[in-house]
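Engineer: These are the residues of each chain, in order.
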Amino acid sequence: GQQLNQSPQSMFIQEGEDVSMNCTSSSIFNTWLWYKQDPGEGPVLLIALYKAGELTSNGRLTAQFGITRKDSFLNISASIPSDVGIYFCAGQLRGGGSNYKLTFGKGTLLTVNP
Amino acid sequence: DGGITQSPKYLFRKEGQNVTLSCEQNLNHDAMYWYRQDPGQGLRLIYYSQIVNDFQKGDIAEGYSVSREKKESFPLTVTSAQKNPTAFYLCASAGGSSYEQYFGPGTRLTVT
Chain A
53 GQQLNQSPQS MFIQEGEDVS MNCTSSSIFN TWLWYKQDPG EGPVLLIALY
103 KAGELTSNGR LTAQFGITRK DSFLNISASI PSDVGIYFCA GQLRGGGSNY
153 KLTFGKGTLL TVNP
Chain B
559 DGGITQSPKY LFRKEGQNVT LSCEQNLNHD AMYWYRQDPG QGLRLIYYSQ
609 IVNDFQKGDI AEGYSVSREK KESFPLTVTS AQKNPTAFYL CASAGGSSYE
659 QYFGPGTRLT VT
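As they're listed, the protein sequences go chains A and B. Everything in the first sequence is counted per my numbering, starting at 53 for the first residue and increasing by one. Everything in the second sequence is counted per my numbering, starting at 559 for the first residue and increasing by one.
Just to be clear, a hint being listed does not mean it is correct.
As the list claims (entries may be wrong) - Capping the alpha-carbon separation at 27 Å, the derived lysine-lysine pairs in BS3-like fashion look like this:
id, chain 1, residue 1, chain 2, residue 2
1, B, Lys628, B, Lys615
2, A, Lys122, A, Lys158
3, A, Lys158, B, Lys641
4, B, Lys615, A, Lys158
5, B, Lys572, B, Lys629
6, B, Lys567, B, Lys628
7, B, Lys567, A, Lys158
8, B, Lys629, B, Lys615
9, B, Lys641, B, Lys567
10, A, Lys158, A, Lys103
11, B, Lys615, A, Lys122
Unchecked claim - Non-contacting residues of chain B with respect to chain A, defined by C-beta distances greater than 12 Å in every case (computed):
id, residue
12, Ile562
13, Gln564
14, Gln575
15, Val577
16, Asn584
17, Asn586
18, Gly598
19, Gln608
20, Val610
21, Gln614
22, Gly621
23, Glu630
24, Thr637
25, Ser638
26, Ala639
27, Arg666
What the hints assert, rightly or not - Distance windows between CB atoms, simulated:
id, chain 1, residue 1, chain 2, residue 2, range
28, B, Lys572, A, Asp70, 44 to 52 Å
29, B, Glu573, A, Gly105, 23 to 31 Å
30, A, Asn82, B, Val610, 45 to 53 Å
31, A, Tyr102, B, Glu573, 39 to 47 Å
If you're looking for bench data, these hints aren't it; they were derived computationally from the structure. These figures come from a predicted structure and were not determined experimentally. Ideal Cβ placement from N, Cα and C applies to all residues, glycine included.
Given the sequences, and given the hints that come with them, work out the whole structure.
Structural biologist: Shown next as C-alpha cells:
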C-alpha cells in the first residue's frame, strides 16, 4: 500500500529546543492529520488540517498543510521531556468509497534530553 | 466517557491457535479500522468497515478475519494462517462530519 515519506526518522534534542518534522507524498491529499504515540499506547490526535495552506496551532505545536497538497509540516516549540514519543503524519483523500481511509507515515521518534 | 476500548492489553497464544481481539466504541462512529504496528514499520491497515455488516480488506488482510454485526463492535481474529502474528494491534474509529480517526489503547499479541 501507499506510504508517506516522513522525515526525519528520529531526532535527539535538548530540552528547550524547537523541533521540525515533515511528510511528503507523491499524491495529493485534502486532509492531513498529526498524531503522537507514547510507548505501548495508541496514537493520540494532535492537529487536523483541512485546507491547502492552512496553519493551525495547538499549544506549542504548529502544523501546516502544504500549498501543493502533497506535504505537511509539524513544529514543536520549546520542547519538554514529555514531548518524547513517536509522531505520525497521516493523509486522506476524501471521496469515492474510502472517505475515512488514512495513509500513514512511518513516524518520527523524538527523544528529548533534560 | 466516550471512547474506544480494546481488550485485553496483553495476549499470549501458542502457535497454531486462532485468537480474537476485541474493539468496542461508544462514539457512535460509522467507520472502524484495524491496524498492525511493528517496530519501524508505522501503521499498516488490516481491515476496515464503513457500515454495519460490511467490511473491506486493507493492505495486509491475509491471515486475518473480521466481523461487524453491531455498530459499536469490530472484533479481529488472528488466524493460524497469519505467518508472523506477534505485533501491536490498534483499533480506530471515525464518523460524523469529521474524518479524523481516534485510536484505542492497543493490544500487544505475542505468539510463541
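Engineer: Are the hints correct? Go through all of them and say.
Structural biologist: Okay, the hints, checked on the actual structure:
no.	hint	verdict
1	B:Lys628 <-> B:Lys615	holds, 18 Å
2	A:Lys122 <-> A:Lys158	holds, 16 Å
3	A:Lys158 <-> B:Lys641	holds, 22 Å
4	B:Lys615 <-> A:Lys158	holds, 21 Å
5	B:Lys572 <-> B:Lys629	violated, 31 Å
6	B:Lys567 <-> B:Lys628	holds, 22 Å
7	B:Lys567 <-> A:Lys158	holds, 23 Å
8	B:Lys629 <-> B:Lys615	holds, 18 Å
9	B:Lys641 <-> B:Lys567	holds, 22 Å
10	A:Lys158 <-> A:Lys103	holds, 23 Å
11	B:Lys615 <-> A:Lys122	holds, 25 Å
12	Ile562	violated, 8 Å
13	Gln564	violated, 8 Å
14	Gln575	holds, 24 Å
15	Val577	holds, 19 Å
16	Asn584	holds, 16 Å
17	Asn586	holds, 14 Å
18	Gly598	violated, 7 Å
19	Gln608	violated, 7 Å
20	Val610	holds, 15 Å
21	Gln614	violated, 8 Å
22	Gly621	holds, 16 Å
23	Glu630	holds, 17 Å
24	Thr637	holds, 21 Å
25	Ser638	holds, 24 Å
26	Ala639	holds, 20 Å
27	Arg666	violated, 7 Å
28	B:Lys572 <-> A:Asp70: 44 to 52 Å	holds, 49 Å
29	B:Glu573 <-> A:Gly105: 23 to 31 Å	violated, 51 Å
30	A:Asn82 <-> B:Val610: 45 to 53 Å	violated, 27 Å
31	A:Tyr102 <-> B:Glu573: 39 to 47 Å	holds, 45 Å
The structure shown violates the earlier hints numbered 5, 12, 13, 18, 19, 21, 27, 29, 30.
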